[in-house]
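Peer 1: Following the hints, put chain U with the ligand in place on chain W, whose structure we already have.
If you're matching them up, the sequences are chains W and U in order. Per this note's numbering, numbering through the first sequence is continuous, rising by one, with the last residue being 939. Per this note's numbering, numbering through the second sequence is continuous, rising by one, with the last residue being 438.
Derived SDA-like pairs (lysine to any residue); straight-line CA-CA distance at most 20 Å:
id: 1; chain 1: W; residue 1: Lys889; chain 2: U; residue 2: Ser116
id: 2; chain 1: U; residue 1: Lys102; chain 2: W; residue 2: Arg876
id: 3; chain 1: U; residue 1: Lys69; chain 2: W; residue 2: Phe724
id: 4; chain 1: U; residue 1: Lys117; chain 2: W; residue 2: Met884
id: 5; chain 1: U; residue 1: Lys327; chain 2: W; residue 2: Ala916
id: 6; chain 1: U; residue 1: Lys102; chain 2: W; residue 2: Met884
id: 7; chain 1: U; residue 1: Lys320; chain 2: W; residue 2: Glu913
id: 8; chain 1: W; residue 1: Lys707; chain 2: U; residue 2: Asp56
id: 9; chain 1: W; residue 1: Lys707; chain 2: U; residue 2: Gln53
id: 10; chain 1: W; residue 1: Lys707; chain 2: U; residue 2: Asp61
id: 11; chain 1: U; residue 1: Lys69; chain 2: W; residue 2: Ala706
id: 12; chain 1: W; residue 1: Lys889; chain 2: U; residue 2: His68
id: 13; chain 1: U; residue 1: Lys69; chain 2: W; residue 2: Leu891
id: 14; chain 1: W; residue 1: Lys757; chain 2: U; residue 2: Leu59
id: 15; chain 1: W; residue 1: Lys707; chain 2: U; residue 2: Phe58
id: 16; chain 1: U; residue 1: Lys117; chain 2: W; residue 2: Gln885
id: 17; chain 1: U; residue 1: Lys69; chain 2: W; residue 2: Met884
id: 18; chain 1: W; residue 1: Lys918; chain 2: U; residue 2: Phe325
id: 19; chain 1: U; residue 1: Lys69; chain 2: W; residue 2: Arg876
id: 20; chain 1: U; residue 1: Lys117; chain 2: W; residue 2: Asn879
id: 21; chain 1: U; residue 1: Lys320; chain 2: W; residue 2: Cys917
id: 22; chain 1: U; residue 1: Lys69; chain 2: W; residue 2: Thr705
id: 23; chain 1: W; residue 1: Lys757; chain 2: U; residue 2: Arg72
id: 24; chain 1: U; residue 1: Lys81; chain 2: W; residue 2: Arg881
id: 25; chain 1: W; residue 1: Lys914; chain 2: U; residue 2: Glu321
id: 26; chain 1: W; residue 1: Lys707; chain 2: U; residue 2: Glu321
id: 27; chain 1: W; residue 1: Lys914; chain 2: U; residue 2: Ile323
id: 28; chain 1: U; residue 1: Lys80; chain 2: W; residue 2: Ala706
Sample of chain W residues with no beta-carbon within 10 Å of chain U, all distances over it, derived:
id: 29; residue: Met692
id: 30; residue: Lys716
id: 31; residue: Glu719
id: 32; residue: Leu739
id: 33; residue: Glu742
id: 34; residue: Glu772
id: 35; residue: Thr779
id: 36; residue: Leu824
id: 37; residue: Ser825
id: 38; residue: Leu826
id: 39; residue: Glu847
id: 40; residue: Ile894
Think of the hints as simulated: they come from the structure by calculation, not from any bench. Backbone N, C-alpha and C define an ideal beta-carbon position, used for all residues, glycine too.
Residue strings, one per chain:
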Amino acid sequence: MNIVVCISSVPDTTAKINFVDNDSKFDENGVQFVINPYDEFGLTKAILLKEKHGGKIIAITVGEQKVEPVIRKALAIGADEAIRINHTPKDSYTTAYHIAEYLKSNSYDLIITGRESIDYNGGAVGGMVAEFLSLPFINACNGLNFSDGIAQITREIDGGKEKLSAKLPLIIGGQKGLVQESELRIPNMRGIMQARTKPLSIIEPSNIETLSTSVKFEKPAEKGACKLVSSDNVGELVSLLQNEAKVI
Amino acid sequence: MSQDLYQAPDYFLMDELLSEEHKLIRDAAREWVKKDISPIIEEACQKAEFPNQIIKGLGEIGAFGPYIPSKYGGPELDQISYGLIMQELERGDSGVRSTASVQSSLVMYPIWKYGSEEQKNKYLPKLATGELMGCFGLTEPDHGSNPGGMTTNIKDMGDYYLLNGAKMWISNSPFADIAVVWAKNEDGRIKGLIVERGMDGFTTPETHNKWSLRASSTGELVFDNVKIPKENILPHRDGLGAPLSCLDSARYGIAWGTIGTAMDCYDTALRYSKERIQFGKPIASFQLQQKKLAEMITEITKAQFLTWRLGVLRNEGRATTGQISMCKRNNVDMALKIAREARQILGGMGITGEYSIMRHMMNLESVVTYEGTHDIHLLITGHDITGESAFK
Ligand SMILES: Cc1cc2nc3c(=O)[nH]c(=O)nc-3n(C[C@H](O)[C@H](O)[C@H](O)COP(=O)(O)OP(=O)(O)OC[C@H]3O[C@@H](n4cnc5c(N)ncnc54)[C@H](O)[C@@H]3O)c2cc1C
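Looking at chain W on its own, in the form it has when it is part of the complex (with noise of 0.2 Å):
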């Protein structure tokens, strides 16, 4: 089985988040960037499923050389080979564009993205790189295994779940659930030694206009100091939520 898997790079999560620009573009000074989590509980079910079923995994991600720790990090857990497309993401569809250009001409039976990425959460790329190919594809993924060939999925509704089956090829988009994180690897020497020789091709992309842009980002409001009312002035705290803070 040709299991691909899309990683993108992200901040880590303890990252403290700017903008510049007029707060149009993310600040990456002094961030550290990491594999997606969701993308790494793919990459880990795809290490599960060729330790099972044989096969070969794909790393591709669209991004500058400056992401390449990233996907040699995820050459390190397990990945074969890894293919870089040479563009800076700036939406969904360009995203979605080149990683579906380069699967078109080379073979894959299950492609396995995020359900988002944790920095622009859009959630998009798979649905987009499936609709590129004519694929199904399926999203936020909590459970695959394989029975005669066909993938049993099973996936997060709102309150319970859905299970499904599909043949391949076929897309997900996974999280946590896909495997537990107790069972996500940390690179050993041995991979990071094997990771030195391993293919990772650098592919420029067609050109094609993007069909969004990021005009400007917002934070969240900082969280106002606490203010403790003593219990038994429950009289004072209505009147608070009522004149000051406004939510009564």
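Peer 2: Showing chain U with the ligand alone in chain W's frame:
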């Protein structure tokens, strides 16, 4: 211990001096420590037990003989990678780093540098995975800072050597499968030899009741007419310079390691000071606490660059014993002072096992003594710059 929220400080963006692979290796070690060391280390220390379940993981992250060539099963990394792994391990616990240091620099290093091809092939690959564990016997009850005075000795019996004597304060000795032991021959020349567990007359009693490095196991090596096959002698170097060159490698690892403990203490104290409210304000807002924190990050940053430079020199084969001594001494002292100050920032909480600081502080009392005491390193620097030895 409460949840490990560690975030490494990097005030002068030293990361930009590291290669992509350095960072991958460092981050893998960092993640491993968070996952496999932080949750268990406090209990191991409280119980004074070496957590032997971590051996396999240490092998997997490349902590055993990072610079050993791949043909002997090692990862063949450079000296900066080795240092970064030690930094992350000691961020977790100095005892864990000690176990890895001994295995790497004091057991694998002498076998690699001074051993025969047969010895290298026999021991190094298994030491690299942790399938075999080793220890290093130099210090004796009556010869600590002055190892050249050792009395442990070998006698040539024709087919074999007869080994007699005792070593003390030996890390990993209670469970080690092999010991690299330094002993004098009939001519008073120091030789290295590999002693295997199970040899008749060889015992390894454990040293109990330590208040420091409690998660690392320490013991003696006692040799009572132990027959050592001739092929167990390290053939390619003898004299005191042989064990001292191993110490150079280990001390270099300690220099990096103690930056890790200092960073952990600083990070813990910084976070705590922002959350702890007294007199209606976070204690981080008081000048006295800021002075402590500001001085800590200054000292950490200075140590980082001194040590990074030492790593570059070691990669080029140019680092001197004097430079390594200076760096080990400076960094351990820096870490010890930071641990003490950081502990005070946490007030009463600082003495509990909820936080790592007091454990680091107690561990560092060993680190400032072993591999050459704080005083001895000063004398090494003094000797180096004046040409006058003040040892005797
Ligand atoms: C936890 C732990 C683990 C260890 N692991 C190992 C190991 O794996 N293998 C091994 O071989 N050893 C090991 N050691 C031993 C360690 O290296 C020695 O303890 C160290 O070298 C100091 O020797 P000593 O304890 O005999 O102190 P001493 O040499 O007796 O020193 C006592 C004091 O006198 C000072 N002093 C000594 N000579 C001079 C001088 N000329 N001028 C001025 N001051 C001087 C010292 O600085 C020190 O303050 C370990 C020690 C500890 C505590």
